[in-house]
Amino acid sequence: MKIGVFCPNWVGDLVMATPALRAIRLEYPAAEVVGVMRGYLAGLLEGTGLLDRTIVLPHGKSGGWKKTFRTVAELRREKFDLCLLLPNSLRSAIWGYASGARERIGFSRNGRSCLLTKRIPARDRSIPHPVLEEYLRLAEGIGCRELPQQTELAVANGELQQLDEFWGKHPGVNRDEVVCFNSGGAFGAAKHWPAEHFAILGKRIAEELGKSVLVVCGPAERKIAREIVHGANHPQVVSLAEEELSLGLTKAAISRSSLLVTTDSGPRQFAPPFGVPAVVLYGPTDQGWSRIAAETETPLQLQVECGPCQQRSCPLGTHRCMRDLSPEQVYATVVEVLSKRRENRKAAA
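Residue numbers (this note's numbering): 14 to 362.
Honestly, the hints are just simulated from the structure, not real lab data.
Fair warning: this is a prediction, and the values are worked out from it, not measured in the lab.
A hint or two may mislead.
Below, a list of computed lysine-lysine pairs in the BS3-like style, where the Cα atoms sit at most 30 Å apart [claimed, not checked]:
1) 92 to 79
2) 182 to 224
3) 216 to 182
4) 224 to 359
5) 92 to 80
6) 236 to 216
7) 80 to 182
Restraint ranges, calculated between C-beta atoms of paired labels, are given here [to be verified]:
8) 107 to 362: 50 to 56 Å
9) 103 to 357: 42 to 48 Å
10) 72 to 243: 29 to 35 Å
11) 248 to 14: 54 to 60 Å
12) 170 to 139: 25 to 31 Å
For every residue, glycine included, the Cβ atom is placed at its ideal position computed from N, Cα and C.
Assemble the whole structure, with the sequences as input and the hints as a guide.
Okay, structure coming up:
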């Protein structure tokens, strides 16, 4: 049996899809499972054993008709017995239909029901439903009975080596007690916590807790990462901004950290699989969408009359939900979480 899984297009969503992928492995241990995804996600699940292979879909300017036809031909050569569509988009259903798979399973939304052979009823999107649970509903739709809740990731040796090389450039920084900052958010600026807040927080962590701070970033967040380091003005606060960036390097950095302070963006999901505690700063988004079964997460969100608005940029121009979440509030939570981590380690020793 060969199963094609059309994967989510967002980093965090792909991590939240790993329980569904594990459910497929458990239900169909002899099946070949092929992940179909965007190129920038292709290596994210390396080492987990969840996928046997990946097929990269063309995207944006890297597409074009020639590439599209080549990809359709590649998909049809796979002769999938079944394809599972994790994204809700019409585009993913068109790809699934074009693959020639005998069975095509997905949620019945966005006018794509006619392209599916089995339609899973879609829930009301005005009510937040955890994305992880939605993916498990799709796995149930193809007969999966065991539905794990834990997300999974692995770190490759090459990714750890890249991290070691980074630390080699910063010999004076304490690499044994690292707090990672993730300031990004491809969703939009509304999810961002101000760089000056991160800078104040980083300086306090370095000065008062004696820990180093590593600001992780993607290519679009290099400028913000540099601003945080400059604003903190402390030798123990550094960033990945000058490195050759990859999801693997970010994953390795977070996996080796003591704590992650993060906005509600993709790399936030890198902490739970490695048991790393995370302080998650929510602004315009409802926590219900990205809720996972992780006791290691501590959410922080201000209750403002205009939120959560789910907007990519603040329609009022004030960005109160994030700007009014003070560095002092976050620092107090960081101290509490790190203290609890020390107590848990002592109890386990």
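To see whether the hints hold, each was checked on the structure:
1. 92 to 79: holds, 21 Å
2. 182 to 224: At roughly 18 Å apart (the allowed maximum being 30 Å), residue 224 and residue 182 satisfy the hint.
3. 216 to 182: Holds - the C-alpha atoms of residue 182 and residue 216 are around 21 Å apart, at most 30 Å.
4. 224 to 359: holds, 19 Å
5. 92 to 80: holds, 19 Å
6. 236 to 216: holds, 18 Å
7. 80 to 182: violated, 40 Å
8. 107 to 362: 50 to 56 Å: holds, 55 Å
9. 103 to 357: 42 to 48 Å: holds, 46 Å
10. 72 to 243: 29 to 35 Å: holds, 33 Å
11. 248 to 14: 54 to 60 Å: For residue 248 and residue 14 the Cβ distance comes to about 56 Å; the hint holds.
12. 170 to 139: 25 to 31 Å: violated, 46 Å
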